[in-house]
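Chemist: The task is simple: from the sequences and hints, build the whole structure.
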Amino acid sequence: MATSVKKSPIVVMAPRELHLRKFYGDGGASDTRRFLEEIQAAWESQRCETDREKRCLLWSHLGVEVRQELNCLLDGDTSDPHKMLALLSSSYGERRSISALMGNLYTKTAPGRILHGLLASSKGGV
0 MATSVKKSPI
10 VVMAPRELHL
20 RKFYGDGGAS
30 DTRRFLEEIQ
40 AAWESQRCET
50 DREKRCLLWS
60 HLGVEVRQEL
70 NCLLDGDTSD
80 PHKMLALLSS
90 SYGERRSISA
100 LMGNLYTKTA
110 PGRILHGLLA
120 SSKGGV
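Take 0 as the starting number for the sequence shown in numbering that gives the first Met the number 0 and just add one per residue.
No wet-lab data here; the hints were simulated from the structure. The C-beta atom is built at its ideal place from N, Cα and C for all residues, glycine as well. Some hints here could point you the wrong way.
Distance windows between CB atoms, simulated [claimed, not checked]:
| # | residue 1 | residue 2 | range |
| --- | --- | --- | --- |
| 1 | 96 | 40 | 22 to 32 Å |
| 2 | 10 | 101 | 56 to 66 Å |
| 3 | 101 | 64 | 20 to 30 Å |
| 4 | 45 | 98 | 39 to 49 Å |
| 5 | 8 | 58 | 37 to 47 Å |
| 6 | 62 | 95 | 14 to 24 Å |
| 7 | 64 | 18 | 15 to 25 Å |
| 8 | 78 | 40 | 21 to 31 Å |
| 9 | 30 | 52 | 17 to 27 Å |
| 10 | 32 | 56 | 17 to 27 Å |
| 11 | 37 | 3 | 44 to 54 Å |
| 12 | 23 | 98 | 18 to 28 Å |
Modeler: Pasting the structure below:
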């Protein structure tokens, strides 16, 4: 006597991929912070387990100028994705205005030294 076995369909749920935009570094501090949060969420949702997988995902969502900047800051060693995120945050996540940064630069430099350096370079000697 044959018994009929009712087969149920097998359903496979793939993890939902997050839409990541490219990061060009020109959107200000809040844009940088949002991008860094999106990348970290994508690492988790796409189950990026190795540094290589994380680095590849991050690298593929960076604009050319941002890639060049990271290459320069890291002397070409882009193997650590967490270090790359930290540099993106410090390089593109600055919240102070240009005038505040210039004031900070001036107060940390010997008074008049910046002006002296500019004058000397314009005359052809340093």
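Chemist: Please go over all the hints and tell whether each is borne out by the structure.
Modeler: Hint-by-hint comparison with the structure:
Checking the proposed 22 to 32 Å range against residue 96 and residue 40 shows it holds: the Cβ atoms sit about 30 Å from each other. Under the hint 56 to 66 Å, the C-beta atoms of residue 10 and residue 101, about 60 Å apart, fit the expected range. The hinted range of 20 to 30 Å is satisfied by residue 101 and residue 64, whose Cβ atoms lie roughly 22 Å apart. Range check, residue 45 to residue 98: about 41 Å between beta-carbon atoms, so the 39 to 49 Å window is met.
In this structure the supplied range 37 to 47 Å holds for residue 8 paired with residue 58, their Cβ-Cβ distance being about 39 Å. Distance hint check: the CB atoms of residue 62 and residue 95 are about 23 Å apart, consistent with the given range 14 to 24 Å. Checking the proposed 15 to 25 Å range against residue 64 and residue 18 shows it holds: the Cβ atoms sit about 22 Å from each other. Separated by about 22 Å at the C-beta atoms, residue 78 and residue 40 satisfy the suggested range of 21 to 31 Å.
Checking the proposed 17 to 27 Å range against residue 30 and residue 52 shows it holds: the Cβ atoms sit about 24 Å from each other. Checked against the hint of 17 to 27 Å, the C-beta distance between residue 32 and residue 56 comes to roughly 18 Å, which is consistent with it. Separation of residue 37 from residue 3 is about 50 Å and conforms to the stated range, judged on CB atoms against 44 to 54 Å. Checked against the hint of 18 to 28 Å, the pair residue 23 and residue 98 passes, with Cβ atoms roughly 24 Å apart.
Checked against the numbered hints given earlier, the structure satisfies every one of them.
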